[in-house]
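Chain by chain, the residues run as shown.
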Amino acid sequence: GQQVMQIPQYQHVQEGEDFTTYCNSSTTLSNIQWYKQRPGGHPVFLIQLVKSGEVKKQKRLTFQFGEAKKNSSLHITATQTTDVGTYFCAGYALNFGKGTSLLVTP
Amino acid sequence: GAGVSQSPRYKVAKRGQDVALRCDPISGHVSLFWYQQALGQGPEFLTYFQNEAQLDKSGLPSDRFFAERPEGSVSTLKIQRTQQEDSAVYLCASSPEGVINPQHFGDGTRLSIL
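Protein chains in written order, with the numbering used here: chain A, 2 to 107; chain B, 4 to 117.
Certain hints may be false.
[What the hints assert, rightly or not] Now the in silico label distances, taken between C-beta atoms and shown as ranges:
| no. | chain 1 | residue 1 | chain 2 | residue 2 | range |
| --- | --- | --- | --- | --- | --- |
| 1 | A | Pro107 | B | Ser61 | 42 to 52 angstroms |
| 2 | A | Thr83 | B | Gln86 | 15 to 25 angstroms |
| 3 | B | Gln86 | A | Gly41 | 23 to 33 angstroms |
By construction, these hints were calculated from the structure, which means they are not laboratory data.
Backbone N, C-alpha and C fix where the C-beta goes; we use that ideal spot for every residue, glycine too.
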C-alpha cells in the first residue's frame, strides 16, 4: 500500500495564527485526499488532489500536492476555534496517515 | 438515507464472544469500506467492497474478522472470539464508485472488549 506519514502529530495555536500540516509518502501517490475529524466525530472529506503541483483553496484552507506527487500540505490561515480537530491525509483513499491534531486557543 | 448509518453505536462484549457490526451505506453507493480506528490513531483499512464483491480484504488482521455484503447494499463486519486488542471504533464509509471518489463515513461503532 501507499503509506503516508504526517507531521506534526499535534499542534497548539492561538486563534488567528496560521497552521500547516504535512503529508509525506515514500512512493508516488496516484491521488491524495484530506479529511477532518472533530473530537468524537467521524472523518469528513475536505478535498482531493490528483495532479502534480496542484493547489486548491477552500476559504482559509489551502491544499497543495507536490510536484513529485510524494507529498502534500494543508495550510490554514488565521485559525478559528471551529478549526479544532484532527486532519488526515489518505493516499489512494485507503491508507490514512496518523493525522495532525489541531488545538486552537481563543 | 441521508448518510451512512452504523449500528450499534456502542457494543460491549466479553472476551471470546462473537460480535456483528452493521453498516447501511448511502443509497446507490457502489463502494463500501471498513476501517478500524484506535484511540488517537488514523483509520486503518480493513476491507473494501464493490457491490457485493469483496475486492480487497488485505487489512483484516486475522481470520477472526469476516465481512460480507451479500446484496451489494448493507454490510456486516463480524468478529469471532473477540480479544481485548479488538477494542476500537469501527468505521464504515461508502462512495459512489471506487477509491477515487470521496468517502462518506458513518459515525462508527465503538467496540469495547472486557
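CB of Gln86/B to CB of Gly41/A, is that within 23 to 33 angstroms?
-> Check passed, 25 angstroms falls within 23 to 33 angstroms.
Lying within 42 to 52 angstroms: is that true of the beta-carbon distance Pro107/A to Ser61/B?
-> With a Cβ separation near 44 angstroms, Pro107/A and Ser61/B satisfy 42 to 52 angstroms, so the hint holds.
15 to 25 angstroms as the expected CB spacing between Gln86/B and Thr83/A, which holds or is violated = About 39 angstroms separates the Cβ atoms of Thr83/A and Gln86/B, which means 15 to 25 angstroms is violated.
This entry does not satisfy hint 2, going by the numbered hints stated previously; all others are met.
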